[in-house]
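Enquirer: For reference, the chains in residue letters:
There are 8 protein chains.
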Amino acid sequence: MELIVYLAGQIHDDWREQFRQKAKERGLPLILKGPQENHDRSDDIGEQIKGKQPNPVYRDQAASEFNNLRTRIWMEKADVVIALFGEKYRQWNTAMDAATAIQSGKPLILVRPEGLVHPLKELAQRAQVVVETPDQALDALAYVLE
Amino acid sequence: MELIVYLAGQIHDDWREQFRQKAKERGLPLILKGPQENHDRSDDIGEQIKGKQPNPVYRDQAASEFNNLRTRIWMEKADVVIALFGEKYRQWNTAMDAATAIQSGKPLILVRPEGLVHPLKELAQRAQVVVETPDQALDALAYVLE
Amino acid sequence: MELIVYLAGQIHDDWREQFRQKAKERGLPLILKGPQENHDRSDDIGEQIKGKQPNPVYRDQAASEFNNLRTRIWMEKADVVIALFGEKYRQWNTAMDAATAIQSGKPLILVRPEGLVHPLKELAQRAQVVVETPDQALDALAYVLE
Amino acid sequence: MELIVYLAGQIHDDWREQFRQKAKERGLPLILKGPQENHDRSDDIGEQIKGKQPNPVYRDQAASEFNNLRTRIWMEKADVVIALFGEKYRQWNTAMDAATAIQSGKPLILVRPEGLVHPLKELAQRAQVVVETPDQALDALAYVLE
Amino acid sequence: MELIVYLAGQIHDDWREQFRQKAKERGLPLILKGPQENHDRSDDIGEQIKGKQPNPVYRDQAASEFNNLRTRIWMEKADVVIALFGEKYRQWNTAMDAATAIQSGKPLILVRPEGLVHPLKELAQRAQVVVETPDQALDALAYVLE
Amino acid sequence: MELIVYLAGQIHDDWREQFRQKAKERGLPLILKGPQENHDRSDDIGEQIKGKQPNPVYRDQAASEFNNLRTRIWMEKADVVIALFGEKYRQWNTAMDAATAIQSGKPLILVRPEGLVHPLKELAQRAQVVVETPDQALDALAYVLE
Amino acid sequence: MELIVYLAGQIHDDWREQFRQKAKERGLPLILKGPQENHDRSDDIGEQIKGKQPNPVYRDQAASEFNNLRTRIWMEKADVVIALFGEKYRQWNTAMDAATAIQSGKPLILVRPEGLVHPLKELAQRAQVVVETPDQALDALAYVLE
Amino acid sequence: MELIVYLAGQIHDDWREQFRQKAKERGLPLILKGPQENHDRSDDIGEQIKGKQPNPVYRDQAASEFNNLRTRIWMEKADVVIALFGEKYRQWNTAMDAATAIQSGKPLILVRPEGLVHPLKELAQRAQVVVETPDQALDALAYVLE
Chain S
1 MELIVYLAGQ IHDDWREQFR QKAKERGLPL ILKGPQENHD RSDDIGEQIK GKQPNPVYRD
61 QAASEFNNLR TRIWMEKADV VIALFGEKYR QWNTAMDAAT AIQSGKPLIL VRPEGLVHPL
121 KELAQRAQVV VETPDQALDA LAYVLE
Chain V
1 MELIVYLAGQ IHDDWREQFR QKAKERGLPL ILKGPQENHD RSDDIGEQIK GKQPNPVYRD
61 QAASEFNNLR TRIWMEKADV VIALFGEKYR QWNTAMDAAT AIQSGKPLIL VRPEGLVHPL
121 KELAQRAQVV VETPDQALDA LAYVLE
Chain C
1 MELIVYLAGQ IHDDWREQFR QKAKERGLPL ILKGPQENHD RSDDIGEQIK GKQPNPVYRD
61 QAASEFNNLR TRIWMEKADV VIALFGEKYR QWNTAMDAAT AIQSGKPLIL VRPEGLVHPL
121 KELAQRAQVV VETPDQALDA LAYVLE
Chain L
1 MELIVYLAGQ IHDDWREQFR QKAKERGLPL ILKGPQENHD RSDDIGEQIK GKQPNPVYRD
61 QAASEFNNLR TRIWMEKADV VIALFGEKYR QWNTAMDAAT AIQSGKPLIL VRPEGLVHPL
121 KELAQRAQVV VETPDQALDA LAYVLE
Chain Z
1 MELIVYLAGQ IHDDWREQFR QKAKERGLPL ILKGPQENHD RSDDIGEQIK GKQPNPVYRD
61 QAASEFNNLR TRIWMEKADV VIALFGEKYR QWNTAMDAAT AIQSGKPLIL VRPEGLVHPL
121 KELAQRAQVV VETPDQALDA LAYVLE
Chain B
1 MELIVYLAGQ IHDDWREQFR QKAKERGLPL ILKGPQENHD RSDDIGEQIK GKQPNPVYRD
61 QAASEFNNLR TRIWMEKADV VIALFGEKYR QWNTAMDAAT AIQSGKPLIL VRPEGLVHPL
121 KELAQRAQVV VETPDQALDA LAYVLE
Chain U
1 MELIVYLAGQ IHDDWREQFR QKAKERGLPL ILKGPQENHD RSDDIGEQIK GKQPNPVYRD
61 QAASEFNNLR TRIWMEKADV VIALFGEKYR QWNTAMDAAT AIQSGKPLIL VRPEGLVHPL
121 KELAQRAQVV VETPDQALDA LAYVLE
Chain H
1 MELIVYLAGQ IHDDWREQFR QKAKERGLPL ILKGPQENHD RSDDIGEQIK GKQPNPVYRD
61 QAASEFNNLR TRIWMEKADV VIALFGEKYR QWNTAMDAAT AIQSGKPLIL VRPEGLVHPL
121 KELAQRAQVV VETPDQALDA LAYVLE
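Chains as they are written, first to last, in the UniProt record's numbering: chain S, 1 to 146; chain V, 1 to 146; chain C, 1 to 146; chain L, 1 to 146; chain Z, 1 to 146; chain B, 1 to 146; chain U, 1 to 146; chain H, 1 to 146.
With the rest of the complex left out, here is chain S:
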């Protein structure tokens, strides 16, 4: 039986690609979904579909319609959500996705480096699993599938 996993979190490096590769190598029956990983495409999608917007605020608003559509559809189908926080960005989307998972009754695996323990303490306390690396998150899914 396959599990559907939503990979929330930063889109500034290739952690999802690595995650997919490792899941494949371990032969885990996971269907991995996530946000648009091409950052420019993610910011431009509003104007690409709806056309030129009057200013940057409306450009952002238009893009977020489509990014939220994508997130809502895949998160609704997910059996479990992984949310990865990194040191560099504010990543409010990640926090939004993580809280949405918790409030929807979907188990959340929170991945965050040690340096973020304090600012993420309330979110961590409500997550199902808290680890420091994506590899540990993969270990957790492998354990579920044993």
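Wrong hints could be hidden among the right ones.
[Claimed, not checked] Covered stretches of chain V, as calculated for chain S (at least 3 residues, CB under 8 Å):
#1 65 to 76
#2 97 to 110
#3 115 to 124
#4 134 to 140
[Stated by the list, open to error] In silico DSBU-like links for lysine-lysine, alpha-carbon gap of 30 Å or less:
#5 Lys106(Z) x Lys77(B)
#6 Lys106(Z) x Lys77(L)
#7 Lys77(B) x Lys33(S)
#8 Lys33(L) x Lys52(L)
#9 Lys106(U) x Lys106(L)
#10 Lys88(C) x Lys106(V)
#11 Lys77(H) x Lys24(S)
Hint data in this document are derived by calculation from the structure and do not stem from the laboratory. Backbone N, C-alpha and C fix where the C-beta goes; we use that ideal spot for every residue, glycine too.
Position chains V, C, L, Z, B, U and H relative to chain S; hints supplied.
Expert: Just chains V, C, L, Z, B, U and H now, kept in the frame of chain S:
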């Protein structure tokens, strides 16, 4: 009929106190709840109740149990949630509370300065109301109560 | 025990005022809520709170944030929803409120003149009660309270 | 992974047929469902199954039982709902389906020409995505599936 | 703290009146609601509000709109439902109300004479409490309130 | 796409067998489930699994555990429920299943002969579709699948 | 604003009485509910209401109908649940009540002595707050009410 | 159509292995899931993934994150839950899983020896089926699948 409002957001200035004061001056029938506003008490509450913890990580974890208890009880009772973001902090708690409100079907009033439009665009797109100041949030509640 | 009633529907005549008056005369313990009935205020509220918008589309969008906030808060509290359709307008808000009530599990009293039977047939078929005048809706509430 | 899409909206032209064709050409894994598109069959279905009704009101009521059955079953299975409004009709069914989707937590893509911005502003404000043409709605689904 | 109790079941004798009287004598803080107990009024209410209907089938249908409105509003508010079955009638409304309570997560007290054990066995097996007399149901509520 | 249909109702004739046969002849993609149709097995199942019970009351109670298990599992999976009432029996199980479907948000097709219009009027008023024969119910499903 | 608290857990000592007393001394606006604390009454209640049962198994079953009725009604009304485990008993009711609270979305305060850490680790991990004494649970509620 | 069954309960003997073997022999279309059955692995999993913990309390807490992740994911997918209690252990996890199933609306088959009737009476009273051996639970599932 009174409305219960949860005031999520940063606890580093006195915006809630001002909000309460203005609501009172306008005679609005609002019951205003929120997180612990004494920052030290918020960080210490775990050790104050459970005793000395082995290290800062567990100290944070202990505190978050009680802060989350408080948030969950009052948010569950709220008719509407106001989430205020400021320029300075990462405020992942605020994002968590905002997303919890959305996913619970509670209307969310997002308050954020113009400078945060881009990083908060996805959250803003799912909020019921987006404004820039707490005074505008109060105007919105006054309109509901007309 | 009081019942909370949300009065959805057109805001172009004074049917709510008459409804309130008659409920009072019959001594029914009803708390009556509804949308903003001052039509200009309803259309202007976005700019009154958020300031001048760049064009009529954004002006409408801003107004609807606050009108929806009001509707969501009071409909969530309602025990029963009355939706009145008249001959003249498209009244998609009324249809939206009526369907929201049905899908929320709240009983709906649909009020519509005989001339609207055909276009409203699917909505009528899912309503709890279908009548032709507000007075009949009031009779229905009186029956519940006997 | 396939997505199930419910195509709510007017049944007076062949927009669904075109939509299906284009989805196929782009190779999108979509299962497209919708109301009965044969308008006469939609109006007659009550009498075709239950037999002759005493008058047009009961004829309409009988038809709506079966049309609502169809809509409820497919909307319940849908991952996302597209609601198309055109200039000509009152289309209260479309508004009902759109609001049902929102209240069910299903993301809604609202398609409406520029001329309908004002009367649809409240519904638009609660939709996940608002566009002007079915092609843009298809672009949005393609983006989700990238 | 008061409990709201919905008294489902036959409307052919005065068991509710006796129940109310005994609850009062024992000083139990119960708010007791139920269907219309005047049987003629219950059957006539459709025509009394909507006017003369074309035949008995439509007369029944009209009455049931208002009886269902009443039941839905009060059952939604109830903390607990009592459903009384007697030997004489088919009482499908009682079975409907009992199953609605179970499926809504409201505890159900089923009252039925020994002679109805076999036909009611599946309903009894899902009730929270099964007794043979209204007095026993009152004892159960008194126990809850101790 | 297949639809799962739960066939609630009397188990005293072979209407389900005929229904299955006709669905097959029409090539409808339906998965048809229902209660145990062997009446003796249905009454004996408690003692067959749990062993001899002390008296008929406990024998009935034991049987109903397993009959309810079966009903709950298949109804939960059903997309639509058909409930058939006949003239002869009290059929409280059928009323229980019908109300459970309504309260779960599953569309209900009620099948009942004309002679049962009055006692079933409240249940009929909340069903999605009301017809008089199983063939009409099959027509309704065929219409959904067109 | 008062909070309703359900005090789940063992009924073999007077911890609830002490809890009530201390809450009163501290002036906390708490409404405290819980199971029947008279152990004999709790075991006898089935026969006291329904009469002599054939054997101890049915006696237990009868009692549990009424104890569960009580628990379900008050837990449903509670804002927060406290579950106290002691060293001596198996207390499966306490575990049932605690898990019911978690699954209902009600925050749970788990109170257990250090010696029970290992067998309660999975329950503790899902609780909102974990402490060792009722006094600490009261501190937690006082913090919420600050 | 396959049914997914979650096998909650003690992990100290091989009852699940026997259950799987017998289900296979009878050709029942069951997908059987459950907790980690290797007891040492279950206790060690926290440190195996997260690394050495400071003391046994944190070791237990770490393990329970992963065990709860596994339980939540599979229970959410289950159509029915079997919970087996044996004489020897406190098995609070089993009670937690059983109550979670009840509160989630999933039917529960409780398996417990006669000696545990009294301490499990409240849980038994809310289960859908209560039997004494795993073989009887398998009989129940076979009956559902007839």
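Enquirer: Would you mind marking each hint as holding or not holding in the structure?
Expert: Quick rundown of the hints versus the structure:
no., hint, verdict
1, 65 to 76, "holds (count 4)"
2, 97 to 110, "holds (count 7)"
3, 115 to 124, "holds (count 8)"
4, 134 to 140, "violated (count 0)"
5, Lys106(Z) x Lys77(B), "holds, 22 Å"
6, Lys106(Z) x Lys77(L), "holds, 27 Å"
7, Lys77(B) x Lys33(S), "holds, 26 Å"
8, Lys33(L) x Lys52(L), "holds, 29 Å"
9, Lys106(U) x Lys106(L), "holds, 25 Å"
10, Lys88(C) x Lys106(V), "violated, 33 Å"
11, Lys77(H) x Lys24(S), "holds, 23 Å"
In this structure, the hints that do not hold are numbers 4 and 10, in rising order.
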